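Taken in order, these protein sequences are the chains called A, B, C and D.
The numbering of the first sequence is the numbering used here, which starts it at 2 and goes up by one.
The numbering of the second sequence is the numbering used here, which starts it at 2 and goes up by one.
The numbering of the third sequence is the numbering used here, which starts it at 2 and goes up by one.
The numbering of the fourth sequence is the numbering used here, which starts it at 2 and goes up by one.
Copies of one chain are not kept apart here, so a pair can be met inside one copy or by any two copies together.
Below, a list of computed lysine to any residue pairs in the SDA-like style, where the Cα atoms sit at most 25 Å apart: (1) K141 / G68; (2) K141 / L59; (3) K143 / L71; (4) K141 / L172; (5) K143 / L169; (6) K143 / F79; (7) K143 / R69.
If you're looking for bench data, these hints aren't it; they were derived computationally from the structure.
Fair warning: this is a prediction, and the values are worked out from it, not measured in the lab.
There are 4 protein chains.
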Amino acid sequence: MEAFSDGVIAILITIMVLELHVPHGTELADLRPLLPVFLTYVLSFVYLGIYWNNHHHLMQASNRINGRVLWANLHLLFWLSLFPFTTGWMGENHLATAPTAIYGAVALGAAIAYYVLQTLVLAEQGPDSLLADALAHDVKGKISPLLYAAGIGFAFVIPWVSVALYILVALIWLVPDRLLESRLRALPD
Amino acid sequence: MEAFSDGVIAILITIMVLELHVPHGTELADLRPLLPVFLTYVLSFVYLGIYWNNHHHLMQASNRINGRVLWANLHLLFWLSLFPFTTGWMGENHLATAPTAIYGAVALGAAIAYYVLQTLVLAEQGPDSLLADALAHDVKGKISPLLYAAGIGFAFVIPWVSVALYILVALIWLVPDRLLESRLRALPD
Amino acid sequence: MEAFSDGVIAILITIMVLELHVPHGTELADLRPLLPVFLTYVLSFVYLGIYWNNHHHLMQASNRINGRVLWANLHLLFWLSLFPFTTGWMGENHLATAPTAIYGAVALGAAIAYYVLQTLVLAEQGPDSLLADALAHDVKGKISPLLYAAGIGFAFVIPWVSVALYILVALIWLVPDRLLESRLRALPD
Amino acid sequence: MEAFSDGVIAILITIMVLELHVPHGTELADLRPLLPVFLTYVLSFVYLGIYWNNHHHLMQASNRINGRVLWANLHLLFWLSLFPFTTGWMGENHLATAPTAIYGAVALGAAIAYYVLQTLVLAEQGPDSLLADALAHDVKGKISPLLYAAGIGFAFVIPWVSVALYILVALIWLVPDRLLESRLRALPD
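Input sequences plus hints: build the corresponding full structure.
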């Protein structure tokens, strides 16, 4: 299951780059209109990198897969598969309300899907597992959906606040969580 | 062989999303014309998820691969590879006869190809295998082709009945088959 | 190395299907112009399936990989990566000379690249290996380049003979080679 | 982690070929405008092949992965993911300054990202590891960024010198490094 998910995320990351259309001109200035698409691509690349990273750790900690976990995983991949679309739409429309809100909505959908997947894996592992222990203080997983929801709301008022909130979520996850990592490192590889 | 098939299905799932073209407008209303394409995408995503899931279980239960199984597998992947095309065609044409019938024909082709693959794997395993036992009452596998065939027929009369039948097949497979799962769980991972 | 090659071939197979553009009309007749592209797709799908199958057996028999084998493998993947292009060009131009000749030229390039890869793997294995024994009577591998070369030549005179020769090569490889298979089956999986 | 990286590189290699648009004409002469795109594709294919090859050796020598290595790896994949874009832009504009400079800039970014990744893996392994020993005389890794930087500079004066330098880097890496290879071969597979 991990190989399949890795494959889907790898393809999504590379398909997003297709939204960076080769410009017709040959000047450096011809790249300027691509800048917002490029920056949105960077943001989505970081998001998918975070999901791949976390998904990797979650699956490493999980040794029993049942049908519900399989479908929760596909549900997560479904939301991630919409990233190339929302990345392209938000990137081509500088801070317009609808694309900014939809970008947040898909990010929120993915965050909820990840939470559901994590909960089902935890249920399989039992409350005394190392994973349950490591995730006991999962602050990031609880704050992220709230920040996405706030971002969706701000899109209708001041869209650049939404984008700032989306970037904030990425930064929160990029900061290494030493506690989680050190505990998961104790698990067999 | 499983890694290769997983790769193909993962790529097909993500290539389908390319049919969701980024709209030119920036209003939520600009997403409305995409709705049928999106819903068809959801349906095809579920189909490919089901095939991936079942294929995974089938390969897990199989430990001897010969040339005929390899080609039966490629035959299945061939039919699945046509899903992005039929998804795009049916999604862009609200309940038109030909796209609806062709969608069902490709789904029927994939169902038959899966049945052939399953039969060849079973032949390798022998009639006393756990897999043979688990698949003895394979009602879903026998009903699905009939529902697809009915869907193709209805496309020439009342196309929305076809789509309802295609959705019905997906729902039948989504309902967990506890018996099969519990028996396969007894197999070595 | 096998996983990487599997990945490339899996992606090539699915990228080829993108040449099947969704038609604008909604009639079955609107599919007719797609028929040559579709048939070319089927032919190329079978070719790539054959390469995946043979490559799989070759790598299974090989347990020592050096730098030259790695690059011979990439060289093969390079020629295979041109199949989506030649498939699209030949498929859209009914039996025109240049696309038919170029299709054969790329197929010939891939066949030669496979021969080089096989020779390097054999050199690693030594003349007394099971693989050397199994490939001693590799008639298919020697006839295929000749048939491709003949196909390239006929493209300038009677192009449909070229296509017939290309199909003939595919059929030759689809017929199971019981001898090779039975000998390779003796190898550890 | 290696499977994921292999997947991304495999997809990038095959996505690049999509820049080779099927021509409208049917004459061999219709391929002539594609020649610069084709040659740029060959160069980028070789680059990605080299990265895959080196990455493979690096990961083989590494047995402990931490969060920083994961992100250094994603950082490398980010730069590699821009190759299809720069390949398309440089290929379509014969020796224009900006595309040639940007091609070099992305190549330089990837080279630096690889160097960072290598340094982090080395830090995990310790100064007495076989890898540290093998990379002690890593001349190629130090010369390449300098050649890319020179290429970027020449793009503003004589662009064909830039392309010659980019080709030179590829050739340097294609020449087998017997010393590194023989030492790494001593590692467990």
